[in-house]
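Asks: One letter stands for each residue in the lines below.
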Amino acid sequence: MTLTDTPSSLSRFGRLMVDRPLLPLIGLLVLLIAVLAILNPGVLSMFWAGNTLKIAIPLAMLAACQTLTMLTGGIDLSVGTVATISAYLTATLAPLIGVPPAIAIALASAVVIGLVNGFGIAVCRVHPLIMTLGTALIATGFLLVYQRYVIATGVQIPDFLLWLGTGRSFGLPNSLALFIPFAVLIIWAQRRSGFGRLLYAIGANEAAARLSGVRVWQVHLTLYTLSGVIAGVTGLLYLGQIKTASLSLALPLDLPSVAAAVIGGTSIFGGRGGYGGTIVGALILTVLTTMLTLMQIPEGGRRILFGLIILSVTALFIRLTERN
Amino acid sequence: MPDAAAVLDATGVAKRFGAVVALKNASLQVAAGQVVALMGANGAGKSTFVKILTGVLKPDAGHVKIKGRDSTVASPAGARKWGLVPVYQEPSLIPDLSVADNLRLADTAIEPFRHWVAELGLPGLAPDAMIRSLPLASLRIVDLARALALEPAVLLLDELTAALPTDLVDRVLKVVRAQADGGRSVIYVSHRFNEIAAICDRATVLRDGLTVGDVKIEPGIEERIVEMMLGGAVAAAVSAERPVKPIPSETPRLRVRSLKTGTRLTDVSFDLHQGEVLGVVALEGQGQDELFDTLAGNRKPSAGTVQVDGAPKTFAHPADAIAAGLTLVPGDRAHALLMSRSVRENIAVPLLARVRNWGAIRMRDEAAKVDKAIDTLQIDTRALGEVRRLSGGNQQKVTIARWIAKGVQTLLLFDPTRGIDIRTKRQIYALVRDLADQGAAVLFYTSELAEIRLACDRAVVIFNGRVVDVIDARDADEATLMRAAYGLTEKAPA
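Residue numbers (our numbering), protein chains in the order written: chain R, 108 to 431; chain Z, 102 to 595.
Pulled out of the complex, with its shape left as it was, chain R reads as follows:
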């Protein structure tokens, strides 16, 4: 790897990252898989590949929220909470009122949180970091109140979510049936829809977008609501995959979702990046996790290492791509 040779090769690599972000990312992914294969001969298999995809998909979907918001220079740190709430409501309400109403309520709550985020950021001009952390805290509080006062008769995970979350067809995870159309839609929208272009425009220069007639608040409101919906749907998928509803189900995905977008080449300052890189970023993080698990490090050490690796890889990639 030429990463650490000289400053000039570093900056050349950085230029490559900006111009053709997918190539070096896929290179890094292949390299990681090779290392994994050397450390654990025989681990690579069709089953392993399917499993890695299955684990990476919810992460990649939450990272879509980060990618879209980061394109405008924002961030959404409430996605883990929204996914958790959506999953918990579905699992606990399904036995009481049936599956379709339960999912409707779960997704409605995701929309509400997204709208509140959007309103605070678009209209009150609260910084996205503060706003989304704040709504996440409040929403978690509501979830605790719900858990305390709504006597759950039990937990039911809808069958189709189990099928989607854990099932396989032809050796590939069924969740691809959700994810592939989703990814195609996001990648199409970011280049070929007016809304997607405006995300880049606002991130590149909000004042210029305004002067061009863009009412920035409309974009922000729509964007954070959309982000809430994506997180809510991800929660349903994650419920089917983990097969249990807990009060902190998807919270551990918050930081990795940001890291996946950053590693994937989306600028935290807005205006640059895209979802294609984010998907590879999510795969890289998933392979890393597998590697740490297989190295049989105890849970505490694994978390420390994972956090350190996310921080250093992210810092390195920001250094490479943000220099200009």
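These are computed hints drawn from the structure, not numbers from a lab.
Among the hints, a few may not be true.
If you want the ones that stay clear, here's a sample from chain R, every Cβ over 12 angstroms from chain Z, calculated [to be verified]:
{"no.": "1", "residue": "Leu203"}
{"no.": "2", "residue": "Val206"}
{"no.": "3", "residue": "Val233"}
{"no.": "4", "residue": "Leu240"}
{"no.": "5", "residue": "Leu250"}
{"no.": "6", "residue": "Trp270"}
{"no.": "7", "residue": "Val321"}
{"no.": "8", "residue": "Val323"}
{"no.": "9", "residue": "Trp324"}
{"no.": "10", "residue": "Val326"}
{"no.": "11", "residue": "Ser374"}
{"no.": "12", "residue": "Leu399"}
{"no.": "13", "residue": "Ile417"}
Derived SDA-like pairs: lysine to any residue, alpha-carbon spacing no greater than 25 angstroms straight-line [what the hints assert, rightly or not]:
{"no.": "14", "chain 1": "Z", "residue 1": "Lys275", "chain 2": "R", "residue 2": "Gln325"}
{"no.": "15", "chain 1": "Z", "residue 1": "Lys401", "chain 2": "R", "residue 2": "Arg298"}
{"no.": "16", "chain 1": "Z", "residue 1": "Lys473", "chain 2": "R", "residue 2": "Arg298"}
{"no.": "17", "chain 1": "Z", "residue 1": "Lys401", "chain 2": "R", "residue 2": "Arg232"}
{"no.": "18", "chain 1": "Z", "residue 1": "Lys414", "chain 2": "R", "residue 2": "Arg322"}
{"no.": "19", "chain 1": "Z", "residue 1": "Lys401", "chain 2": "R", "residue 2": "Leu138"}
{"no.": "20", "chain 1": "Z", "residue 1": "Lys361", "chain 2": "R", "residue 2": "Ala314"}
{"no.": "21", "chain 1": "Z", "residue 1": "Lys401", "chain 2": "R", "residue 2": "Arg299"}
{"no.": "22", "chain 1": "Z", "residue 1": "Lys168", "chain 2": "Z", "residue 2": "Lys317"}
{"no.": "23", "chain 1": "Z", "residue 1": "Lys414", "chain 2": "R", "residue 2": "Val142"}
{"no.": "24", "chain 1": "Z", "residue 1": "Lys470", "chain 2": "R", "residue 2": "Glu313"}
{"no.": "25", "chain 1": "Z", "residue 1": "Lys470", "chain 2": "R", "residue 2": "Arg299"}
{"no.": "26", "chain 1": "Z", "residue 1": "Lys470", "chain 2": "R", "residue 2": "Phe226"}
{"no.": "27", "chain 1": "Z", "residue 1": "Lys414", "chain 2": "R", "residue 2": "Val323"}
{"no.": "28", "chain 1": "Z", "residue 1": "Lys166", "chain 2": "Z", "residue 2": "Arg358"}
{"no.": "29", "chain 1": "Z", "residue 1": "Lys470", "chain 2": "R", "residue 2": "Cys231"}
{"no.": "30", "chain 1": "Z", "residue 1": "Lys414", "chain 2": "Z", "residue 2": "Arg358"}
{"no.": "31", "chain 1": "Z", "residue 1": "Lys470", "chain 2": "R", "residue 2": "Val323"}
{"no.": "32", "chain 1": "Z", "residue 1": "Lys152", "chain 2": "Z", "residue 2": "Arg170"}
{"no.": "33", "chain 1": "Z", "residue 1": "Lys125", "chain 2": "Z", "residue 2": "Asp259"}
{"no.": "34", "chain 1": "Z", "residue 1": "Lys182", "chain 2": "Z", "residue 2": "Lys317"}
{"no.": "35", "chain 1": "Z", "residue 1": "Lys473", "chain 2": "R", "residue 2": "Arg299"}
{"no.": "36", "chain 1": "Z", "residue 1": "Lys401", "chain 2": "R", "residue 2": "Phe226"}
{"no.": "37", "chain 1": "Z", "residue 1": "Lys470", "chain 2": "R", "residue 2": "Arg232"}
{"no.": "38", "chain 1": "Z", "residue 1": "Lys470", "chain 2": "Z", "residue 2": "Ser492"}
{"no.": "39", "chain 1": "Z", "residue 1": "Lys401", "chain 2": "R", "residue 2": "Cys231"}
Positions of the beta carbon are idealized from the N, C-alpha and C atoms, including for glycine.
Given chain R's structure and the hints, the job is docking chain Z onto it.
Replies: Relative to the frame of chain R, chain Z by itself:
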């Protein structure tokens, strides 16, 4: 009268920024007991010279001596210690602190400050008032009183009276004159001849980075100073004759009446007709940027009316102005461009701005519009990937192309040729004429007076917050425009 007794003596000062020579050979001498005006047209190098005098910038050559000691190596704090205290056009006070806290920060004694505030006509000013809560006029008085409290040997006043009401101006001028009569020195940077005539002893005139004159103030000196500021430009302004259209009698495309906006414009009125290119002439800092921002919906006026095709309009957002056909090319390209995005994306933004255009982009339709605009403006298409990689001239073309692709009705061009090459400038003049011939209306502010003849049909001249003259392009030689811009030919607006 440069002599050994000069309290401040700047000689041979030169400064360049990259390829741009801001100052070639500027000099200024101020003796004790004198008020010396520092004058120069837009781009003469005045502000660079002021920054060197006050220690903000270091000159490439030459020296600045205060009381015989070299101060060119100093910082602003150093210059102050040497005895030169500046009062800038923008008050240098921290908004979230009180008046007294600001004084403490700058190590200024409060008693003399109070004395000067009262002397300057604001005896009621509370020291614990927050700077943020004070009107701009009071801030300038606070800034000046703070400077006076330091008992400077040399006081440098940069456009001090801009944004001051008349009664305060009179008191301020008296105090400044009294400083000189008490034996101190004052450098008075100003565009206003009546104030200069009232308090200055001499005037030093800059043109193109050179000190071209040092004259005693006496009745009738205005004409000579204007000549010095123009230099040989008068002869050079003669251009090809172009038929100037008569002003049509129908309802104007844009009618502005008694517009008051920002801190400087108090009463601006003019008409802009379809098919017309109307020049705007103003010295630096007369509020022309605020006028354009207001017409583009980027700033709310505090009074006055704007009519488009006879219908009164108020703009709460640039989108409202765009809907009424008013589109702005701002002076600073960095405010208009998405530097990290492609030429195509930059040009297409206005096409996507409204919610109903948020869905699928009709790529072929967009490409056709963008290509046509690129073609019309002859944008160099070698570096389409990122606008930041384009030359300044090509970047400026992109900001104009955006509105060509959208369809031009009323184009507000703010100094569109600043800092770009002569070939691109010519293309822009031709384009502006073409647009007008096709029925657009163009409002064209330029800091280069010679451009009025080249691109416009008429020009309105703004001075002291009002339109002071409307000049036909045929008569708009630089000398006429310059005299008007300095308020020397003021007549009732048409």
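Asks: Each hint should be assessed against the structure and marked as holding or not.
Replies: To see whether the hints hold, each was checked on the structure:
1. Leu203: Answer for leucine 203 of chain R: holds, closest chain Z Cβ roughly 38 angstroms.
2. Val206: holds, 32 angstroms
3. Val233: For valine 233 of chain R, whose nearest Cβ neighbour in chain Z is about 20 angstroms away, the distance exceeds 12 angstroms, so it holds.
4. Leu240: Leucine 240 of chain R clear of chain Z: closest Cβ-Cβ about 26 angstroms, beyond 12 angstroms.
5. Leu250: holds, 33 angstroms
6. Trp270: The claim stands: tryptophan 270 of chain R keeps its Cβ more than 12 angstroms from every Cβ of chain Z (closest is about 32 angstroms).
7. Val321: At roughly 4 angstroms from the nearest Cβ of chain Z, valine 321 of chain R sits no farther out than 12 angstroms, so the non-interface label is violated.
8. Val323: At about 9 angstroms from chain Z, valine 323 of chain R fails to clear the 12 angstroms cut-off, so the statement is violated.
9. Trp324: violated, 10 angstroms
10. Val326: Check fails; 8 angstroms does not lie beyond 12 angstroms.
11. Ser374: violated, 8 angstroms
12. Leu399: Answer for leucine 399 of chain R: holds, closest chain Z Cβ roughly 35 angstroms.
13. Ile417: holds, 25 angstroms
14. Z/Lys275 <-> R/Gln325: violated, 54 angstroms
15. Z/Lys401 <-> R/Arg298: violated, 34 angstroms
16. Z/Lys473 <-> R/Arg298: holds, 21 angstroms
17. Z/Lys401 <-> R/Arg232: OK: lysine 401 of chain Z and arginine 232 of chain R at ~20 angstroms, within 25 angstroms.
18. Z/Lys414 <-> R/Arg322: holds, 18 angstroms
19. Z/Lys401 <-> R/Leu138: violated, 57 angstroms
20. Z/Lys361 <-> R/Ala314: holds, 23 angstroms
21. Z/Lys401 <-> R/Arg299: Answer violated: lysine 401 of chain Z to arginine 299 of chain R is near 35 angstroms, above 25 angstroms.
22. Z/Lys168 <-> Z/Lys317: Distance ~22 angstroms between lysine 168 of chain Z and lysine 317 of chain Z Cα, so the pair holds.
23. Z/Lys414 <-> R/Val142: Outside the cut-off at roughly 67 angstroms; violated.
24. Z/Lys470 <-> R/Glu313: At roughly 23 angstroms apart (the allowed maximum being 25 angstroms), glutamate 313 of chain R and lysine 470 of chain Z satisfy the hint.
25. Z/Lys470 <-> R/Arg299: holds, 16 angstroms
26. Z/Lys470 <-> R/Phe226: This hinted pair is violated, its Cα atoms lying about 35 angstroms apart.
27. Z/Lys414 <-> R/Val323: holds, 22 angstroms
28. Z/Lys166 <-> Z/Arg358: Between lysine 166 of chain Z and arginine 358 of chain Z the Cα gap is close to 50 angstroms, so the pair fails against 25 angstroms, i.e. violated.
29. Z/Lys470 <-> R/Cys231: violated, 36 angstroms
30. Z/Lys414 <-> Z/Arg358: Given pair lysine 414 of chain Z, arginine 358 of chain Z holds - Cα atoms ~12 angstroms apart, limit 25 angstroms.
31. Z/Lys470 <-> R/Val323: Answer holds: lysine 470 of chain Z to valine 323 of chain R is near 24 angstroms, not above 25 angstroms.
32. Z/Lys152 <-> Z/Arg170: holds, 18 angstroms
33. Z/Lys125 <-> Z/Asp259: This hinted pair holds, its Cα atoms lying about 21 angstroms apart.
34. Z/Lys182 <-> Z/Lys317: Not satisfied, since the Cα-Cα distance of roughly 30 angstroms exceeds 25 angstroms.
35. Z/Lys473 <-> R/Arg299: holds, 20 angstroms
36. Z/Lys401 <-> R/Phe226: holds, 24 angstroms
37. Z/Lys470 <-> R/Arg232: Between lysine 470 of chain Z and arginine 232 of chain R the Cα gap is close to 34 angstroms, so the pair fails against 25 angstroms, i.e. violated.
38. Z/Lys470 <-> Z/Ser492: With a Cα-Cα distance of about 22 angstroms, the restraint between lysine 470 of chain Z and serine 492 of chain Z holds, given a limit of 25 angstroms.
39. Z/Lys401 <-> R/Cys231: holds, 20 angstroms
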